[in-house]
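There are 2 protein chains.
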Amino acid sequence: MRTSTADVDHSDAPYVIVSSDTHAGLKPEEYRPYLDQRYRAQFDEWVRNRHQHRVLIEEVNGDYVEAWERDNAEGLRGASDPAIRDRYLDADGVAGEIIFADGDSVTGQESPPFGAGLAAGQITDPELAFAGARAHNRWLAEFCATDPVRRAGVGLVPIIHGVKESLAEIAWLAGRPGIRGVMVPTMWHDKPSYGHPMYDPIWAACADAGLVVHTHSGEGDWASYNENLAQFVLEVPFWTHRILWQLLLSGKFDRFPDLRYVVVECGSYWLGDLLWKADTTFGANRKVKKLNSRTKGLIKRLPSEYIGTNVFIGASTMSREEIRRRHTNGIDALMWGTDYPHPEGSWPNTGERLRTDFRDVSIGDTRLLLGLNAVECYRLDRTALQGVAERIGPRPSDLGQDPDLRTPHDAVRTARWWFDDYGMTWPAESTS
Amino acid sequence: MRTSTADVDHSDAPYVIVSSDTHAGLKPEEYRPYLDQRYRAQFDEWVRNRHQHRVLIEEVNGDYVEAWERDNAEGLRGASDPAIRDRYLDADGVAGEIIFADGDSVTGQESPPFGAGLAAGQITDPELAFAGARAHNRWLAEFCATDPVRRAGVGLVPIIHGVKESLAEIAWLAGRPGIRGVMVPTMWHDKPSYGHPMYDPIWAACADAGLVVHTHSGEGDWASYNENLAQFVLEVPFWTHRILWQLLLSGKFDRFPDLRYVVVECGSYWLGDLLWKADTTFGANRKVKKLNSRTKGLIKRLPSEYIGTNVFIGASTMSREEIRRRHTNGIDALMWGTDYPHPEGSWPNTGERLRTDFRDVSIGDTRLLLGLNAVECYRLDRTALQGVAERIGPRPSDLGQDPDLRTPHDAVRTARWWFDDYGMTWPAESTS
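So the protein lines, in turn, are chains A and B.
Each step along the first sequence adds one to the number in our numbering, with nothing skipped, and position 370 is 370.
Each step along the second sequence adds one to the number in our numbering, with nothing skipped, and position 54 is 1054.
These are computed hints drawn from the structure, not numbers from a lab.
Glycine residues also receive a C-beta, built at the ideal position from the N, C-alpha and C atoms.
Among these hints, one or two may not hold up.
Stated by the list, open to error - Per label pair, the in silico range of CB-to-CB distance: (1) A:356 x B:1387: 54 to 64 Å; (2) A:417 x B:1073: 32 to 42 Å; (3) A:255 x B:1125: 38 to 48 Å.
To be verified - To be clear about the criterion: a stretch of chain A counts as covered by chain B if any three or more of its residues have a C-beta under 8 Å from a C-beta of chain B, and this derived list gives those stretches: (4) 189-198; (5) 234-245; (6) 269-278; (7) 413-427.
Claimed, not checked - Every beta carbon over 12 Å from chain B, so not counted as near; a handful from chain A, in silico: (8) 12; (9) 38; (10) 45; (11) 48; (12) 90; (13) 145; (14) 203; (15) 225; (16) 298; (17) 398.
Same shape as in the complex, but just chain A:
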């Protein structure tokens, strides 16, 4: 826990909106100049594969694809065109954005070479995994440099495919204008999972460079679904947030206090219950006595205390219920997002969503969820973003909000009911 909300601005000043989840990328063939030419043969095959993939998607879901691409033709080009992108960010009132790979989630046409984006764990050849990641990162660095205030790019680092190569890529990414984080594969497959000490040099390098570590939804235990997509959709948050607990419960945030981790586009609804379970099981009041000797001293603070300092949630376009649960799940950690230019989020109807979903939320809380938590997590230039927001940002009055509504001082304490229910001591350092 981090936040003191005392300094929150309750005026009608525009919201500094930072979308914690946007995507950008080139069309498959356009990555060619960014790719090491040694891999051109595999690249040509991969481009053909991507085009075939689109044909398959059109076969099963053609009507939807046609309507989506027709109705949003220009906006979709913002996946790689900075000028178009800025127009659509402006229209959505979005001042800043955290940019992930895979601009096209409908037919997969803007995916880094060899699938090095959201499904990087599935690549079996380490060389190709790094070649694809590097190609995207080279392009992304150019793209973000067009406006390092608004654009915060997340580079690709397929850490399961080599620690040494990963450290080299982190070194390349570190300090580039507009590069603010790295995304690691969501699944580690046959490699050790992320609590393993072998990855520690990577966490150390990210912490040193101020690069925020991410996992983003996209992968899952495909083999277990028998092609039943519904099961995947229901379970995808689990596969995406597992690394949160691997890092937290193995003490990585104690060992690397500057390490920050964000789990992206798998909602936030699951977090509160897991904090309840983790706090009461591994916290001061250790309820599983028979396990005590094997879980003692794992971490220095209660699990919930790492939320908002080391752990943030790229919750994309939150549901109303997730907004209602904000004080349980982390008023200082949840980061709203549009998912532009994907269809799952609020784009292109962001203004409408904000008016519908935030009407009953205090201005202070809204400022945190829509932007200030992201400013904190990514160390963005708040003053410069405020300049952008002055031009494009919606005001509290635009959202129909009550300027007199205040968040109770003890909102978090009340929302995290398990402290009282289990007779636990409320962390001393927190005042909210």
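We have chain A; now place chain B onto it with these hints.
Then chain B, alone, in the frame of chain A:
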């Protein structure tokens, strides 16, 4: 959804308590006479392995083991002694019980041969998996026959190791006095998961025989934890309840309407949110438009409508929060349990737990959670169990409950907030 609570008895009549989660078993060496003698050599090795396992546990957690076994010496012998067991059930006020394998969860000394109980999926030799299961089932049938009214045994059927052999074992179990269900491995490892059609003959046979299918906590993706037990403890509910969604979302409860499935000892807290997600994603108001063509027509009802008819939750000793969430998670599906003779549940302090945790719950709801849902799920003899309860069951007044407290008629409708929040139609067949 099933329940109409109109006929609930609000009098001070004793509660018919059915523990949805108890354990029984022999000491390793005592399984010898029940085992096919072809496997005696492997059996001797396995017995040695068990004794070594106990030594290891004592090394890391000796103080806890010593205190637990000293303080509960007689009660622990109820794992295989029917007379002692009855005394401890009586003392806890428990009229009936659903009995799983692995009587000793502290040092693993009452586990079916070759680990055929809670970790059956880890056995790699199909022959040994079935040999161990059969040995336990032969003993369990004798044990339950000592009192088929109170004891409902759950046989072991390692379905991942052979469909034909499983059908033979189900045929052997079917109709035996006091045998009410089968437990399948929680993890399927390298075999197809449980939505796969290859298992359909098993679901058909269980539905025909009235044998309730179970998964019980115990296994997990061990390889992913780097020996970090805390990560396992946090994730064990997920591994245990995955099969619920595999069966439900692949339409098994439509294909086999008499099939009943229970997920045991992984709590119930996770259920409500997954019902919200599943109802809104795969129900009438399909929010993930880009997936519609691939998830259409999977199931006939909304996911939440299968809870309390085909799906029940062996929630063991529920936390107070889980009791508070009962109308969301399934007032007609949640089944309380003691976990006797394991240390994680309410035993040996069941009376105290009931007084603390159910004080503010209506008598009607309490009757469902403590016993009547289990009577429905397992088709137990309610009249005969009432006879037992007259002798041993705690009364509402013993629990300090308010006899005038009534559950609001629309409690479930209010608790399942997502119907209104997403503009969904409330299922017509439900009145509660």
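Against the structure, the hints come out as follows:
1. As the Cβ distance of residue 356 (chain A) to residue 1387 (chain B) is approximately 57 Å, the hint placing it in 54 to 64 Å holds.
2. Checked against the hint of 32 to 42 Å, the pair residue 417 (chain A) and residue 1073 (chain B) passes, with Cβ atoms roughly 38 Å apart.
3. In this structure, residue 255 (chain A) and residue 1125 (chain B) meet the distance hint of 38 to 48 Å, their C-beta atoms being roughly 41 Å apart.
4. Note: the stretch 189-198 of chain A has 4 residues with beta-carbon separation from chain B under 8 Å; the three-residue rule is met and the coverage holds.
5. Only residues whose beta carbon comes within less than 8 Å of a beta carbon in chain B count, and the stretch 234-245 of chain A has 5; three or more means the coverage holds.
6. With 7 residues having a beta carbon nearer than 8 Å to a beta carbon of chain B, the stretch 269-278 of chain A meets the requirement of three or more and the stated coverage holds.
7. Counting residues of the stretch 413-427 of chain A whose beta carbon lies closer than 8 Å to any beta carbon of chain B gives 3, which reaches the threshold of three, so the coverage claim holds.
8. Residue-level check passed: residue 12 (chain A) sits 29 Å from the nearest beta carbon of chain B, beyond 12 Å.
9. No beta-carbon of chain B is positioned within 12 Å of the beta-carbon of residue 38 (chain A); the least distance is around 34 Å.
10. The Cβ of residue 45 (chain A) lies farther than 12 Å from every Cβ of chain B, with a closest approach of about 26 Å, so its non-interface assignment holds.
11. Interface exclusion of residue 48 (chain A) from chain B stands, the closest Cβ pair being 24 Å apart, more than 12 Å.
12. At roughly 26 Å, the least C-beta separation between residue 90 (chain A) and chain B is larger than 12 Å, which holds for a residue marked as non-interface.
13. Residue-level check passed: residue 145 (chain A) sits 32 Å from the nearest beta carbon of chain B, beyond 12 Å.
14. No beta-carbon of chain B comes within 12 Å of the beta-carbon of residue 203 (chain A); the shortest separation is about 14 Å.
15. The beta carbon of residue 225 (chain A) is not kept farther than 12 Å from every beta carbon of chain B, the shortest such distance being approximately 7 Å.
16. Listed as outside the interface, residue 298 (chain A) is inconsistent with that label: its C-beta sits roughly 5 Å from the nearest C-beta of chain B, within the 12 Å cut-off.
17. Every CB of chain B lies more than 12 Å from the CB of residue 398 (chain A), the least distance being 23 Å, so the non-interface label holds.
Checked against the numbered hints given earlier, this structure breaks hints 15 and 16; the rest are met.
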